[in-house]
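Protein sequences appear in the order of chains A and B. Start counting the first sequence at 1; every next residue gets the next number (my numbering). Start counting the second sequence at 1; every next residue gets the next number (my numbering).
Just so you know, the hints here were simulated from the structure itself, not pulled from any lab data. Each residue gets a CB set at the ideal place from its N, CA and C atoms; glycine is no exception. One thing to keep in mind: the hints can contain errors.
[To be verified] Derived DSS-like pairs (lysine-lysine); straight-line CA-CA distance at most 27 Å:
#	chain 1	residue 1	chain 2	residue 2
1	A	5	B	2
2	B	116	B	44
3	B	55	B	78
4	B	44	A	5
5	B	195	B	88
6	B	3	B	44
7	A	56	B	44
8	B	3	A	60
9	B	93	A	56
10	B	2	A	60
11	B	3	A	5
12	B	3	B	47
13	B	4	A	60
[To be verified] Facing chain B, from chain A, some residues (calculated, C-beta under 8 Å):
#	residue
14	132
15	135
16	139
As a plain string of letters, each chain reads:
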Amino acid sequence: MNEEKYLPLPQPEELTLQEKEDAMGAYLMMFAAWGAGLPLPIINLIASIIYFFLNKSKSKFVHFHCHQALFSQLPTTLLNAACVFWAVRIIFFEWEFNNNFIAYLISIVIINIAYIAWGIIAAVQARKGRLYYMVFFGRFAFASVFAATNNENINKETPTNLPPR
Amino acid sequence: MKKKLVIELLLLCVAFAGIWGIFYYLNLAPKKPSFELSLENEEKLAKIIVDDFVKQNTIASNPKLDSAMEIIHERLSKGLHVTDYDYKIRIIKNDSVINAFATLGGNIFIFSGLIKFTESPEELAAVLAHEMGHTEHRDVVDKLIRDIGLNILLSVLTGQDYILLKDIGLMITSNVFTRKQEADADVFAMDLLVKSNIDPKIIAHFFRKLNSKTKNFNDDYQFLYTHPHNNSRIKAALEYKVPTNFKATPFPVEWESVQKSLSPEKTN
């Protein structure tokens, strides 16, 4: 990781309260469907997309968390949509209600619970001004937001926020 | 960075597949009830139900009709080759109903209205082949067990509850199967027709005529119906691949005179 060039990482003490709260808000979009009162997975994704475009230009810190929240929302939405599609086929088109579907359904429930827990942790860390890295999505967001295009280098002694290991 | 991205992505995919795989291996699906109604019990139950049904309805019978039914029955039985059932076909005297249904034990009832509606013995053979499909797949047994329950069904063998008999009779005559069961019975019928040297596309011709009788239907809402609509069945019949060496053999039956023999009828 150290051989990669990256922009200076914002540290918690350098961030304003507004930035921390805006970053935390990105993770709260996963509850948008609950707020709308509709069990449609797409609502969460739409809310995340809107939030991303409205907030990404505010600061790198906010951009990073919006990016991570949006892209981690994508596979969850796709998996949930596939589950809904499969269930509709079973109910209306006489597809078989079999062990495969039950296993998939339970897996989706577990993944959603894990994602909600993970999102809450990320939201709390964002509110503290920390760069919290989810598996894969954290590294992906970091590369997208903080990758340096010139030869800038950071030289700071034991900062709080570091790149993903 | 890219290498670690790929590794973490693979980890996520493996984790998801692993969770799915674990629950698949645990096999948490409810166990489907096996066919617990033996053929022997089905036969006994069939006798009780059919005897009661025959008492309630007028069965049509005359030499021409019986001979024609025997010819059709024999050809289909040869095509069927191996079966657990001894099929018995009876005609119910009711010209206003265009229908046929299979009951338990290989008993098939056809309304005289259906015989008058068909243009040839091949069309009737197609309908019979379809009902045989339901019997061979044990769809009637499956439906009764699902709707009534096995214990109650077996209690009829011992107690012969009259009200329950009538309920069972009504359920059987309503012949509401699932769309999959109807589609499977159509496929069975087409296979049987080919083996019996009858052109399976006669099914398409029959359903086209039926369509002209029942005009109001919207294909877009078919998924809400409990059985495939005639248009789907016509399409399936036309798309059915007939073997290249297939040759249709017409029945040696004067169908018009068979239809005329139904009225005036000689009933038993």
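Results of checking the hints against the structure:
no.: 1; hint: A:5 <-> B:2; verdict: 13 Å, holds
no.: 2; hint: B:116 <-> B:44; verdict: 32 Å, violated
no.: 3; hint: B:55 <-> B:78; verdict: 31 Å, violated
no.: 4; hint: B:44 <-> A:5; verdict: 84 Å, violated
no.: 5; hint: B:195 <-> B:88; verdict: 20 Å, holds
no.: 6; hint: B:3 <-> B:44; verdict: 71 Å, violated
no.: 7; hint: A:56 <-> B:44; verdict: 76 Å, violated
no.: 8; hint: B:3 <-> A:60; verdict: 24 Å, holds
no.: 9; hint: B:93 <-> A:56; verdict: 79 Å, violated
no.: 10; hint: B:2 <-> A:60; verdict: 21 Å, holds
no.: 11; hint: B:3 <-> A:5; verdict: 16 Å, holds
no.: 12; hint: B:3 <-> B:47; verdict: 73 Å, violated
no.: 13; hint: B:4 <-> A:60; verdict: 22 Å, holds
no.: 14; hint: 132; verdict: 15 Å, violated
no.: 15; hint: 135; verdict: 5 Å, holds
no.: 16; hint: 139; verdict: 5 Å, holds
Going through the hint list in order, the structure does not satisfy hints 2, 3, 4, 6, 7, 9, 12, 14.
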